[in-house]
Structure formats: C-alpha cells, structure tokens
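Line by line, the protein sequences are chains A and B. Numbers 1 to 188, taken from this note's numbering, label the letters of the first sequence in order. Numbers 1 to 188, taken from this note's numbering, label the letters of the second sequence in order.
A portion of the hints provided could be inaccurate.
Simulated crosslink set (SDA-like; lysine to any residue; CA at most 20 Å straight-line) [stated by the list, open to error]:
id, chain 1, residue 1, chain 2, residue 2
1, B, Lys51, B, Ala34
2, A, Lys166, A, Asp96
3, A, Lys155, B, Lys155
4, A, Lys121, B, Leu114
5, B, Lys51, B, Arg103
6, B, Lys155, A, Leu119
7, A, Lys155, B, Ala139
8, B, Lys155, B, Val107
9, B, Lys121, A, Leu114
10, A, Lys155, B, Arg134
11, B, Lys166, A, Glu140
12, B, Lys121, B, Ala65
Away from chain A, derived, C-beta distances all over 10 Å, residues of chain B [as the list claims (entries may be wrong)]:
id, residue
13, Asn14
14, Arg23
15, Glu26
16, Thr29
17, Arg36
18, Glu53
19, Phe56
20, Ser59
21, Lys75
22, Val85
23, Val95
24, Arg102
25, Arg103
26, Ala128
27, Gly137
28, Arg168
Distance ranges between label pairs, derived from CB positions [claimed, not checked]:
id, chain 1, residue 1, chain 2, residue 2, range
29, A, Phe93, B, Gln61, 32 to 42 Å
30, B, Glu53, A, Gln115, 11 to 21 Å
31, B, Arg172, A, Asp81, 22 to 32 Å
32, A, Gln115, B, Glu26, 19 to 29 Å
33, A, Gln115, B, Glu41, 24 to 34 Å
No lab work stands behind these hints: they were computed from the structure. Cβ coordinates follow ideal geometry from the N, Cα and C atoms, glycine included.
Protein chains: 2
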Amino acid sequence: MGRWEPNARGRLANVALELYSERGFEQTTVAEIAKRAGLTERTFFRHYADKREVLFAGSSQLEEAFVKAVADVPKSAAPIDAVAVGLDAIAEFFVDRRDFARRRQAVIMATAELQERELIKLASMSAALADTLRRRGVAEPAASLTAEAGVAIFKVGFERWIGAPKEREMSRFMRESLDELRTALTGN
Amino acid sequence: MGRWEPNARGRLANVALELYSERGFEQTTVAEIAKRAGLTERTFFRHYADKREVLFAGSSQLEEAFVKAVADVPKSAAPIDAVAVGLDAIAEFFVDRRDFARRRQAVIMATAELQERELIKLASMSAALADTLRRRGVAEPAASLTAEAGVAIFKVGFERWIGAPKEREMSRFMRESLDELRTALTGN
Numbered sequence: 001m002g003r004w005e006p007n008a009r010g011r012l013a014n015v016a017l018e019l020y021s022e023r024g025f026e027q028t029t030v031a032e033i034a035k036r037a038g039l040t041e042r043t044f045f046r047h048y049a050d051k052r053e054v055l056f057a058g059s060s061q062l063e064e065a066f067v068k069a070v071a072d073v074p075k076s077a078a079p080i081d082a083v084a085v086g087l088d089a090i091a092e093f094f095v096d097r098r099d100f101a102r103r104r105q106a107v108i109m110a111t112a113e114l115q116e117r118e119l120i121k122l123a124s125m126s127a128a129l130a131d132t133l134r135r136r137g138v139a140e141p142a143a144s145l146t147a148e149a150g151v152a153i154f155k156v157g158f159e160r161w162i163g164a165p166k167e168r169e170m171s172r173f174m175r176e177s178l179d180e181l182r183t184a185l186t187g188n
Numbered sequence: 001m002g003r004w005e006p007n008a009r010g011r012l013a014n015v016a017l018e019l020y021s022e023r024g025f026e027q028t029t030v031a032e033i034a035k036r037a038g039l040t041e042r043t044f045f046r047h048y049a050d051k052r053e054v055l056f057a058g059s060s061q062l063e064e065a066f067v068k069a070v071a072d073v074p075k076s077a078a079p080i081d082a083v084a085v086g087l088d089a090i091a092e093f094f095v096d097r098r099d100f101a102r103r104r105q106a107v108i109m110a111t112a113e114l115q116e117r118e119l120i121k122l123a124s125m126s127a128a129l130a131d132t133l134r135r136r137g138v139a140e141p142a143a144s145l146t147a148e149a150g151v152a153i154f155k156v157g158f159e160r161w162i163g164a165p166k167e168r169e170m171s172r173f174m175r176e177s178l179d180e181l182r183t184a185l186t187g188n
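With the hints as extra help, turn the sequences into a complete structure.
Below, the structure written as structure tokens:
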C-alpha cells in the first residue's frame with residue numbers, strides 16, 4: 001500500500017480522465033479513480049490535491065515553459081518574435097500529448113466549473129507573460145497587448161491542433177495563427 | 001413598501017458598490033444594501049438576482065452593444081475595422097460611468113470569485129464576437145483570432161481608461177490599444 005508505485009501519477013491521470021469521460025467529472029470520486037488504477041486513495045492524494053487538480057497539474061508547467069522560453073530570447077528580438085519562440089516551447093511541451101489533450105478538452109468543455117478554472121489558468125498565463133515582457137523592457141500597453149495576443153494565438157492554435165482530423169505538429173498551427181492574426185490586424 | 005420607487009435600481013447599485021468598497025463584497029449582505037438604500041430586500045430582489053448580479057448586470061448589455069455595432073457595419077469593411085466600430089460603441093456605453101467603473105473594478109480585483117465571473121463574461125464576449133464575425137463571412141481561425149484581439153483591446157484600453165489620472169474619452173484609449181497591438185505584431 002505505502003510502497004513506491006511505478007508511474008502512479010501518470011496512471012492516476014489516465015484513469016481519472018477515462019472516468020471523467022465515461023461518467024462525467026462531477027459523478028466521479030477519488031475512490032473510484034484509485035480503485036480503477038489499482039492504487040489507494042492515499043496514493044492519489046500524494047500526487048494530486050483533488051480530482052480537479054489531475055486536469056490542471058500540467059498548466060503550471062506549461063506556463064513556466066512558455067515564460068522561460070520568452071525570457072531566454074536575446075533582448076534584441078522584437079517582443080512578438082520572443083512570444084513566437086515561447087509558442088514553440090508550448091508545442092514542444094505537447095509532443096506525444098495530443099490524445100490526452102483532446103480528451104481533457106472534451107471533459108473541460110462539459111463542465112462549467114472546469115471551464116472557469118481553465119479561464120483562470122489562461123489569465124494567469126497572460127499576466128506572467130506580460131510580466132516577462134516588461135522585464136525585457138517592453139513598455140505598457142504593448143506588454144499587456146502582446147501577452148494577450150500570445151495567449152489568444154495559443155488558445156486558437158491549440159484548439160485547431162486538437163481538432164484537426166490528423167495529427168500535425170502543433171508549432172505549425174501556432175505559426176499559422178500568428179500569421180492570421182497579423183493579417184487580420186493589418187490586412188496584409 | 002411595495003410601491004414604485006424612483007430609480008430604485010440605480011440607487012441599489014450605488015449603495016451596494018459603496019458597501020462592497022467599505023466592508024468587502026463577502027462581508028456585505030443584501031439586507032444591508034436594502035437598508036442603506038432605504039428600500040426593502042424584496043425590492044432588491046425585484047431588480048437583481050443576488051448581490052453579485054449588481055456588479056454584472058451591465059455586462060450583458062455591454063456585450064449586446066458591442067456585438068450589435070459590429071453586426072451593423074457594412075460587410076465590405078475589414079473585420080478589424082468592424083471591431084473598431086464595436087469598440088466605439090463600448091466607449092459610448094461607458095460615457096458618464098467612469099467613476100462607477102473604477103470603483104467596481106477595485107471591488108472585483110479584491111475578490112477571487114468576482115474575478116472569475118469577470119473572466120467568464122469576457123470569454124462570453126469573445127465567443128459572441130467570433131460568432132458575429134463568422135456571420136459576416138469571416139473564416140476560421142481569423143474570426144476567433146480577431147474576436148480575441150478585440151476583447152484584448154477592450155480589456156487593456158478599459159484598464160488604461162479607468163487608471164488614467166484625468167478623465168479622457170475612452171474611445172481614444174481603444175484606438176491607441178488597437179494601434180499598439182498592430183505595431184506589436186508587425187513592427188510598424
């Protein structure tokens with residue numbers, strides 16, 4: 001029971017998502033998740049604070065990866081080009097995670113509470129990105145606007161990536177979304 | 001008690017905001033709001049579903065005004081130009097409301113539950129705007145990206161408008177934010 005379980009964390013996440021898809025998020029208990037994973041509830045709570053956290057544990061890592069990549073770009077680069085490098089880091093983060101991301105998205109769209117949580121995570125990402133841009137010397141309102149644009153590109157690019165009938169590299173969708181936004185704002 | 005109260009709705013909103021600012025949103029009850037406004041709780045509930053609704057009753061009107069203005073622009077206009085007309089309609093909506101908007105914003109920033117609600121309202125605005133753009137014949141992902149950009153411009157422009165030491169027309173901040181975003185994305 002208390003012994004080390006190889007990849008318990010990953011197993012719990014997969015099983016949780018399976019149950020949320022089958023029964024709905026609200027109808028699933030931690031006891032059921034642990035049981036199907038062949039683990040104890042205690043093990044579950046060693047890895048996740050609650051059943052919602054299973055779906056959002058990756059969000060903080062994602063924000064970190066995004067922001068760190070932007071911070072590491074040489075200061076001579078234009079802010080939007082630094083953000084584009086950050087979007088590549090996001091694409092890297094999601095390699096081999098498309099199936100999980102798709103199923104996670106379906107669960108989130110089905111539950112108002114989870115949609116709210118997702119909006120909070122995106123707002124946090126935008127705030128962290130704006131902060132990083134200001135530390136790169138970008139003035140306001142350009143820092144906040146570029147950050148909002150970066151998160152919008154991520155959001156739309158991500159949805160297109162998981163919605164595509166065949167798997168294609170996420171970075172292509174990110175670049176495409178950036179180009180589309182640029183065209184939408186300037187007409188060329 | 002049951003009689004018609006002139007401008008009960010506006011008085012309740014002003015008194016509620018006053019109490020939220022003084023005591024905090026969570027610490028304020030509907031009974032206290034009604035009492036200070038010299039009205040009954042029953043009158044309060046004739047105008048607002050709950051104490052949170054006092055702060056968000058305007059959001060749906062705002063979304064409607066924004067979306068309607070965009071829908072009414074001749075179809076020959078570029079999507080972002082239609083959105084700019086919508087932003088002017090928003091500026092129109094907020095004429096004479098700066099003081100209320102500032103105090104409301106302070107209350108919202110102080111309470112996590114209200115911040116979440118605000119994020120939901122902004123997401124709803126973006127979805128409604130994307131829908132309007134699609135009905136104007138704008139394809140995806142341009143429709144979603146332009147809508148996200150429009151809401152980002154509103155958000156940042158609004159914050160700058162309420163944050164400015166002196167009152168200036170909101171439409172100027174909206175135009176400035178649009179120009180800044182354009183520059184951030186294209187470098188010119």
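Hint by hint, where does the structure go against what was stated? Just the numbers, ascending. none
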